[in-house]
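Asker: For reference, the chains in residue letters:
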Amino acid sequence: MTLNPWLHGLVYGLPVLLGVMGVGALASWWERKFSARMQNRIGVDVFGPFGVLQPFADALKMLQKEDLVPRGADKTMFFIAPAFPVVLCVVLLGVVPFAGYWDDTGTWAPAILISNLDIGILWVLSVSGLMVFPLWMAGWASNNKYALLAAMRTVAQGVSYEIPMVLAALVPVIVAGDLSIARMVAWQATHGWMVFSLPVVGFLAFVLFYLASLAEANRIPFDIPEAESELVAGVIVEYTGIKSGLFILTEYLHTFIASALATAMFFGGGHMPFLAGLPAIAQIVLSATAMLVKTSMLFVSIYWIRWSWYRFRSDQLMELCWYYLVPGGLVLVACTAVSVSLGWV
Amino acid sequence: MTLPHREADVTLPKPARKDPHVDLEKLDAAADLMAINMGPQHPSTHGVMRIKLWLDGEMIVKAVPYCGYLHRGVEKLCERLTVVQLTPIVDKHDYVSPMTNEQALNIAFERMLGLEVPRRARYMRTIIAEIQRIASHLLWLGTFTLDIGGTIGGGASLMMYTFREREAILDVFEMLTGARFHYNTHTVGGQRHDVPVGWPAAVKKMIDAVDAHMPEYEQQCYGNDVLVLRTKGVGVIDRELALELGLSGPNLRASGVDLDLRRDEPFSAYDEIKVNVAVATDGDVYARFDVRMREMHESIRIVRELIDSIPEGPICSQKPVKVPFAVKLPAGRQFYTAIETPRGELGTYVIGGGAEKGAAPYRLKFRPPSLHAMSALPYALVGHTVPDVVAILGSLDPILGEVDR
Numbered sequence: 137m138t139l140n141p142w143l144h145g146l147v148y149g150l151p152v153l154l155g156v157m158g159v160g161a162l163a164s165w166w167e168r169k170f171s172a173r174m175q176n177r178i179g180v181d182v183f184g185p186f187g188v189l190q191p192f193a194d195a196l197k198m199l200q201k202e203d204l205v206p207r208g209a210d211k212t213m214f215f216i217a218p219a220f221p222v223v224l225c226v227v228l229l230g231v232v233p234f235a236g237y238w239d240d241t242g243t244w245a246p247a248i249l250i251s252n253l254d255i256g257i258l259w260v261l262s263v264s265g266l267m268v269f270p271l272w273m274a275g276w277a278s279n280n281k282y283a284l285l286a287a288m289r290t291v292a293q294g295v296s297y298e299i300p301m302v303l304a305a306l307v308p309v310i311v312a313g314d315l316s317i318a319r320m321v322a323w324q325a326t327h328g329w330m331v332f333s334l335p336v337v338g339f340l341a342f343v344l345f346y347l348a349s350l351a352e353a354n355r356i357p358f359d360i361p362e363a364e365s366e367l368v369a370g371v372i373v374e375y376t377g378i379k380s381g382l383f384i385l386t387e388y389l390h391t392f393i394a395s396a397l398a399t400a401m402f403f404g405g406g407h408m409p410f411l412a413g414l415p416a417i418a419q420i421v422l423s424a425t426a427m428l429v430k431t432s433m434l435f436v437s438i439y440w441i442r443w444s445w446y447r448f449r450s451d452q453l454m455e456l457c458w459y460y461l462v463p464g465g466l467v468l469v470a471c472t473a474v475s476v477s478l479g480w481v
Numbered sequence: 006m007t008l009p010h011r012e013a014d015v016t017l018p019k020p021a022r023k024d025p026h027v028d029l030e031k032l033d034a035a036a037d038l039m040a041i042n043m044g045p046q047h048p049s050t051h052g053v054m055r056i057k058l059w060l061d062g063e064m065i066v067k068a069v070p071y072c073g074y075l076h077r078g079v080e081k082l083c084e085r086l087t088v089v090q091l092t093p094i095v096d097k098h099d100y101v102s103p104m105t106n107e108q109a110l111n112i113a114f115e116r117m118l119g120l121e122v123p124r125r126a127r128y129m130r131t132i133i134a135e136i137q138r139i140a141s142h143l144l145w146l147g148t149f150t151l152d153i154g155g156t157i158g159g160g161a162s163l164m165m166y167t168f169r170e171r172e173a174i175l176d177v178f179e180m181l182t183g184a185r186f187h188y189n190t191h192t193v194g195g196q197r198h199d200v201p202v203g204w205p206a207a208v209k210k211m212i213d214a215v216d217a218h219m220p221e222y223e224q225q226c227y228g229n230d231v232l233v234l235r236t237k238g239v240g241v242i243d244r245e246l247a248l249e250l251g252l253s254g255p256n257l258r259a260s261g262v263d264l265d266l267r268r269d270e271p272f273s274a275y276d277e278i279k280v281n282v283a284v285a286t287d288g289d290v291y292a293r294f295d296v297r298m299r300e301m302h303e304s305i306r307i308v309r310e311l312i313d314s315i316p317e318g319p320i321c322s323q324k325p326v327k328v329p330f331a332v333k334l335p336a337g338r339q340f341y342t343a344i345e346t347p348r349g350e351l352g353t354y355v356i357g358g359g360a361e362k363g364a365a366p367y368r369l370k371f372r373p374p375s376l377h378a379m380s381a382l383p384y385a386l387v388g389h390t391v392p393d394v395v396a397i398l399g400s401l402d403p404i405l406g407e408v409d410r
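Chains A and B supply the protein sequences, listed in that same order. In short: position in the first sequence from 1, add 136, done, that's this note's numbering. In short: position in the second sequence from 1, add 5, done, that's this note's numbering.
Please note that a few of the clues may not be correct.
[Said to hold, decoys possible] Okay, the calculated bits of chain B under chain A, using three or more residues with CB under 8 Å as the criterion: (1) 163–173; (2) 274–281; (3) 384–392.
No lab work stands behind these hints: they were computed from the structure. For glycine and all other residues, C-beta sits at the position ideal for the given N, C-alpha and C.
In isolation and in its complexed conformation, chain B is listed as follows:
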């Protein structure tokens, strides 16, 4: 599978930027910089992570992010479980948007095995993914403003409102799957739970409520000079750097790369609809913020477009799974595929286990977009001050459950 966008970007110009991974002895011969650990117990690290900062006054001279605090050995665990048992495990990766994790995993297995997914299931997946994108971006918006405005202040006000909408979305998911957070609704070949009676109406009602409240959020953010002052020109990641670091999703699009797997490498029902991709060119915190806000509008539009036209038919091409050994992966076959989650390109790399592994994969490796987003921190933070750290980190929107697995 080749992508025109990726082909075009193969020859990268040599970056003229300074390498942030410079030796500390060279940087600070007199040893008068202050080293400060932001995290792992810090209110604004969006999970358990640590950024070691070397400060000159309040100016950041060097920044090193450390992850691994949430490592759970999931990829190793995946080598022991059968294919259909993996879905509830990956729910916990990007815990802000569990649905798209399930989707990524199951699409990888389906593509590897060449399984057909019924059209009804594909529509459901698309709708679910877009609702999940809204929910994820709402949580991001709340925590981002929380970082900029303070937990006892204006930021917290906006967060409370975004959680009101997120609650409505969780209600809709609960109606569909019975669970509010770890859904386990995708499976190899389709969906586990069919659309319940009244679900499209509930989704429409929820979407209308979100849409009605969007101007409120925009007023609170675009209309607030302090937020604009705090975000414009801060944490710039240029186009070349973004491509080099493998950023994806809104972070990449904010740097001016028009790449969205929903449009460029369609999965589920995205090939039947038009996706307008939000792109910004500045690559700063404001651009990333702007891209996500516009994506929410686009997601609202897509859900509205699809919710009335869910086709009839089966929701799964496989028989309902009685024994978890039903789906077997071909031995030794390697396969990589990626889909667009709210955070970017979530890739799944599978090596089939064959007979000796039973129905378990030989190896399963995820390519989480958040990990790559975190790798931009040493570049984006240098030259800024301590208050910008939380703004930049919040704008990159890493989810540590996904980074560490």
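Same shape as in the complex, but just chain A:
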């Protein structure tokens, strides 16, 4: 069945987009409750049961706020910068397979997937490389020195951590022999999850990918661009209302997408055992649940780290990347290549 591309985007994209937006809102509520629990507090508990509707109240509040544009700011760039990362996040979502099922031929077919790109990994890496631009635009256009410093840091960090991310992503690419994320999941469905199929190396590649994702999504201990105790609020220091809200929403979305990608690449995506033989719709529902559970566990761990760790200094961050992660990633890729060419995997 081939739909008109526009219709295709609407039919497949809109539910996923709305779902993920809902997940983003829920994630922010959940993080507040989780951090409160970690900090001996109660957290949000007024609006809705256990305060679950708080994100919507916050969004409403942000929409009502006065929209301030600082004098001397580059108005066009200042205006489009907040919209840019949201678009990028949505674009990233397009290639993440959220579920799958065993089709008639006995292969694992993707189900909730907007676009089955053959160059899925390449797409993901290039789009997350673009993530640097909106932050740089915001930092530059704000005409604020703190924002400028943060923007400088963002670019340095984003560009540097792109490299270990690429190296870590190369490991599943080499092992599965495919650039498509959906087919990577299919490979894992028959050969076992990537973290286990290649002993040690698979796990280390996951750790590398995870660390690079933390840095790309600007989470503690790598949240140098925001660094609110040093740079007040980093690149978003001059933004008010829904514009800053969009940046914050993007952070959640980016973290969620990074978790989903790590799940798809290293933890078998929506694959779970005992699915074969069930009706296709049941398989899809179950595997979507499995995907959500796995993603949520990674997501939780990111916030666990966030609420218990301190922040690196910017030069230490670079040191970590160039002295440890990049050489480590090269060694991992070499190990993987050797293992695959010798037929060990």
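Take the given structure of chain A and dock chain B to it, following the hints.
Answerer: Structure of chain B alone, referenced to chain A:
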């Protein structure tokens, strides 16, 4: 009053360091440095202050701290008020440890007038001062990790826990004085409020809770590689510089000077107990952090040692003050004395007012340890990056209410 430590340090070696107060034209002839104001509206300045930084990229080339945003003219006000009316005023100086401010002021008056303080009051003062030291260091620990870890992150988690303990301490103080923050419990000649029934038990319970949670904090700080990475070798203030700038308290002891007025110039009941002074030699942020953590353990030990042995007797050698003119200072007599507060040597310089000033001092001048700590910033910041500013400032622990008065 002479101190062996101070005598020994009179001849200082000439420092070989670069003067940070260098002219900007010489430093930056091409004018391509970026000047950035950290503060007065900045989340990590621990009050209202401003540091003007000249940055080369993120590297600090020159730093100038500006204070005065919190100036309230307290010292001038003190010339108009009577001696016993001053105690609640000085509560607001170092608002993180009000008790030791009161203590410093009243000890100055007592020493000047040669007043005897009953033993019970001296014990109470010592216990209170040590509890206050724990409370102050807890708040410092929370805000220090907040600076390093971020207000939306790991630092905030630790801060919430330190505030849990600080709350318990404030409860104990409330039980004693009825107030949670500005106590007004010290007075010339002793204490205003006697130990209430059940107070020692409450203090012991609180101290046990703090002691039980100390390993948690240590695990969160010493056990965290990022914190150690961020603090080791950062913001070094060497021994000579520390003495030259008049640093005191934990900041001085972290630079390797073994000076603690609790031991070297005992006040209250410190002459009856042994105080183990925590000293570190590196003089960096980590050393200052380490010294304060060890001091908290020592304070817990001192409180435990004293709380059961509060002697019976009166709490004040003076009659209860009905009229605020009861205590008069001798005219023209000058007097300086200092005690050890959580931040260091809090000195009080008094000139007696005599008959024409009534019961008010002619002049009252405080020597706040935080002001001297701030003067170390131009030296400690140069050569570091912007993230280190908050770490160094947090480790020096200045309280701006005390700096500006």
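Asker: Please go over all the hints and tell whether each is borne out by the structure.
Answerer: Here's how the hints hold up against the structure:
Requiring three or more residues with a Cβ within less than 8 Å of a Cβ of chain A, the coverage given for the stretch 163–173 of chain B holds, as 3 such residues are present. Residues of the stretch 274–281 of chain B with a Cβ under 8 Å from some Cβ of chain A number 0, which does not satisfy the need for three, so the listed coverage is violated. Remark: the stretch 384–392 of chain B is confirmed as covered by chain A, as 3 of its residues place a Cβ nearer than 8 Å to a Cβ of that chain, reaching the required three.
This entry does not satisfy hint 2, going by the numbered hints stated previously; all others are met.
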